[in-house]
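Undergrad: So the protein lines, in turn, are chains P, W and A. Heads up, the first sequence is in the UniProt record's numbering, so the first residue is 1 and it goes up one at a time. Heads up, the second sequence is in the UniProt record's numbering, so the first residue is 1 and it goes up one at a time. Heads up, the third sequence is in the UniProt record's numbering, so the first residue is 1 and it goes up one at a time.
If you're looking for bench data, these hints aren't it; they were derived computationally from the structure. One or more hints might be untrue.
[Said to hold, decoys possible] Straight-line alpha carbon distances no greater than 20 Å define the calculated SDA-like cross-link-like pairs of lysine to any residue that follow:
#1 Lys176/W x Phe165/A
#2 Lys68/A x Thr11/A
#3 Lys176/P x Ser113/P
#4 Lys193/A x Arg64/W
#5 Lys176/W x Asp170/A
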Amino acid sequence: MRLRLTPRDTTFFDLLAVLAGHTVTGATLLAELLGASRPEREQIVERLTEAEHEADEATHSIMRRLNKTFVTPFGRDEIYSLASALDDCMDAMDEAGQLIVLYKIDELPMAVSEQIQVLLRCAELTADAMPRLRKLDELPEYWVEINRLENQGDRLHRTLLAHLFDRVADPILLIKLKEVVDILEEATDAFEKVANLVETIVLKES
Amino acid sequence: MRLRLTPRDTTFFDLLAVLAGHTVTGATLLAELLGASRPEREQIVERLTEAEHEADEATHSIMRRLNKTFVTPFGRDEIYSLASALDDCMDAMDEAGQLIVLYKIDELPMAVSEQIQVLLRCAELTADAMPRLRKLDELPEYWVEINRLENQGDRLHRTLLAHLFDRVADPILLIKLKEVVDILEEATDAFEKVANLVETIVLKES
Amino acid sequence: MRLRLTPRDTTFFDLLAVLAGHTVTGATLLAELLGASRPEREQIVERLTEAEHEADEATHSIMRRLNKTFVTPFGRDEIYSLASALDDCMDAMDEAGQLIVLYKIDELPMAVSEQIQVLLRCAELTADAMPRLRKLDELPEYWVEINRLENQGDRLHRTLLAHLFDRVADPILLIKLKEVVDILEEATDAFEKVANLVETIVLKES
Numbered sequence: 001m002r003l004r005l006t007p008r009d010t011t012f013f014d015l016l017a018v019l020a021g022h023t024v025t026g027a028t029l030l031a032e033l034l035g036a037s038r039p040e041r042e043q044i045v046e047r048l049t050e051a052e053h054e055a056d057e058a059t060h061s062i063m064r065r066l067n068k069t070f071v072t073p074f075g076r077d078e079i080y081s082l083a084s085a086l087d088d089c090m091d092a093m094d095e096a097g098q099l100i101v102l103y104k105i106d107e108l109p110m111a112v113s114e115q116i117q118v119l120l121r122c123a124e125l126t127a128d129a130m131p132r133l134r135k136l137d138e139l140p141e142y143w144v145e146i147n148r149l150e151n152q153g154d155r156l157h158r159t160l161l162a163h164l165f166d167r168v169a170d171p172i173l174l175i176k177l178k179e180v181v182d183i184l185e186e187a188t189d190a191f192e193k194v195a196n197l198v199e200t201i202v203l204k205e206s
Numbered sequence: 001m002r003l004r005l006t007p008r009d010t011t012f013f014d015l016l017a018v019l020a021g022h023t024v025t026g027a028t029l030l031a032e033l034l035g036a037s038r039p040e041r042e043q044i045v046e047r048l049t050e051a052e053h054e055a056d057e058a059t060h061s062i063m064r065r066l067n068k069t070f071v072t073p074f075g076r077d078e079i080y081s082l083a084s085a086l087d088d089c090m091d092a093m094d095e096a097g098q099l100i101v102l103y104k105i106d107e108l109p110m111a112v113s114e115q116i117q118v119l120l121r122c123a124e125l126t127a128d129a130m131p132r133l134r135k136l137d138e139l140p141e142y143w144v145e146i147n148r149l150e151n152q153g154d155r156l157h158r159t160l161l162a163h164l165f166d167r168v169a170d171p172i173l174l175i176k177l178k179e180v181v182d183i184l185e186e187a188t189d190a191f192e193k194v195a196n197l198v199e200t201i202v203l204k205e206s
Numbered sequence: 001m002r003l004r005l006t007p008r009d010t011t012f013f014d015l016l017a018v019l020a021g022h023t024v025t026g027a028t029l030l031a032e033l034l035g036a037s038r039p040e041r042e043q044i045v046e047r048l049t050e051a052e053h054e055a056d057e058a059t060h061s062i063m064r065r066l067n068k069t070f071v072t073p074f075g076r077d078e079i080y081s082l083a084s085a086l087d088d089c090m091d092a093m094d095e096a097g098q099l100i101v102l103y104k105i106d107e108l109p110m111a112v113s114e115q116i117q118v119l120l121r122c123a124e125l126t127a128d129a130m131p132r133l134r135k136l137d138e139l140p141e142y143w144v145e146i147n148r149l150e151n152q153g154d155r156l157h158r159t160l161l162a163h164l165f166d167r168v169a170d171p172i173l174l175i176k177l178k179e180v181v182d183i184l185e186e187a188t189d190a191f192e193k194v195a196n197l198v199e200t201i202v203l204k205e206s
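Given the sequences, and given the hints that come with them, work out the whole structure.
TA: What follows is the structure in structure tokens.
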């Protein structure tokens, strides 16, 4: 049983791909942020927030269209969940960027840039996978790879926590840095949630 | 297509309005708490916890009635989600009040009372909107205003974080204050989630 | 109206019972962890992570079977939610154990072992209750008792927070201990969520 979407509803896949594309922009800007000087950072975070607003609008237009289009309640719930989960990825990345600037963090441990590379890879794989939902095509390699990346992210996160508690003597700086690495970990979890939803759809529909 | 509720099921709207009414009590008590002396605070928090218990009972009676009444699965899920989301608003406000007393916080930054004014306004608008669900009447102005308030709350929260990290030298006090302002921000997010659910219902039903 | 499961689908109840059984293992290992010396702890946490992986696999096999078996969408969603909620219990307990080792915490306040006893009791009651879902039998005493335990856990958590903020002068140690007791509290909440789902199923089906 396929998702019962009539041809014009293929726009859902396009819209999900657009939404996932914003997460690629988000992760790219986070990577830029790490290497940037303080004054540049504010500009980069502004562009990150713009990407977050665009993702918000993409999510809303998916929701609006869902409510106006005939789809089975079944397909509706799944598209709704996918859009929400993608929006959560974006929100977490935006929040991380905002906090780095708000907390005036000058230097982040090296492993944070590895966390962000993991996020960027997740975002790229997700943006690639969304259009393949139309034919439920070659999706297992996508979710297997996301699960692998999430495990890698998890190990990085633990290493970072151990590092912070061993090296950072100033408790206030520790609170700031811990919040940033925790939110980056949440962003990776959010991409895994998207992949789990895709897996569920494929299993149900095939 | 309207929610398929028979006339006696209009009690769902009454019950949701009662539940939202408890959040108005909650936000009002939080506002009182800020101006109160230490000994008064314990009493106010007791009343807050009573309001939280009453909200819990209202939520449970909505759930019980949902399970005994014939409604389409569709309407059922939405009423269930609305009741849960309203309960989350109350829980977050209760937790904030509890922590202020538990942590023996003597003074909170001025902007915290602005956060609570935002919450109070959200609670009032939500309690006003619930009965209008019956006829799906004049609801867009409600959710637009809640979204505006949530943005305002978000800016307040960031200003507060910057303020705390700039001004509070004692890390233990910082941990306490940060947890309180973070939970107040979560409460505002919870009201926005209620408004988003209402928007979804209206779009689907109209 | 009963859950429309054909006889072979009784395996769902067995699978849920197996999954809940892993949470009993998890809580037992957490209790062991508290009394153990540093070198023993690493071994215990390894076994905890194994239990978490087994719970993950049990959850996945429930999901896969759900997607291949004819059940009403109704029953499907509920089994899905139960499995996810049980998995959340396990994840929180695993995370607590990991952090105790990662943070090299030598001594935990006495009340933490009471928190873990509450968790163990929750896990045992839940594992006992899962097979009774088949006949929707003697379940109210289960969810009433879980709700009582969750309230007890909540009081313990508040007592612990007050204790930590009164006694722990080192802010970095405070951050570590607070995260552990907060996650143990989340684990208790997750068991309550399982019980609430069971209550909803029973009310709907009876």
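Undergrad: Each hint needs a verdict: does it hold in this structure or not?
TA: So, going through the hints one by one against the coordinates:
1. Lys176/W x Phe165/A: The hint holds at about 9 Å.
2. Lys68/A x Thr11/A: holds (13 Å)
3. Lys176/P x Ser113/P: Holds, at roughly 16 Å.
4. Lys193/A x Arg64/W: Cα-Cα ~16 Å, so holds.
5. Lys176/W x Asp170/A: Answer holds: Lys176/W to Asp170/A is near 14 Å, not above 20 Å.
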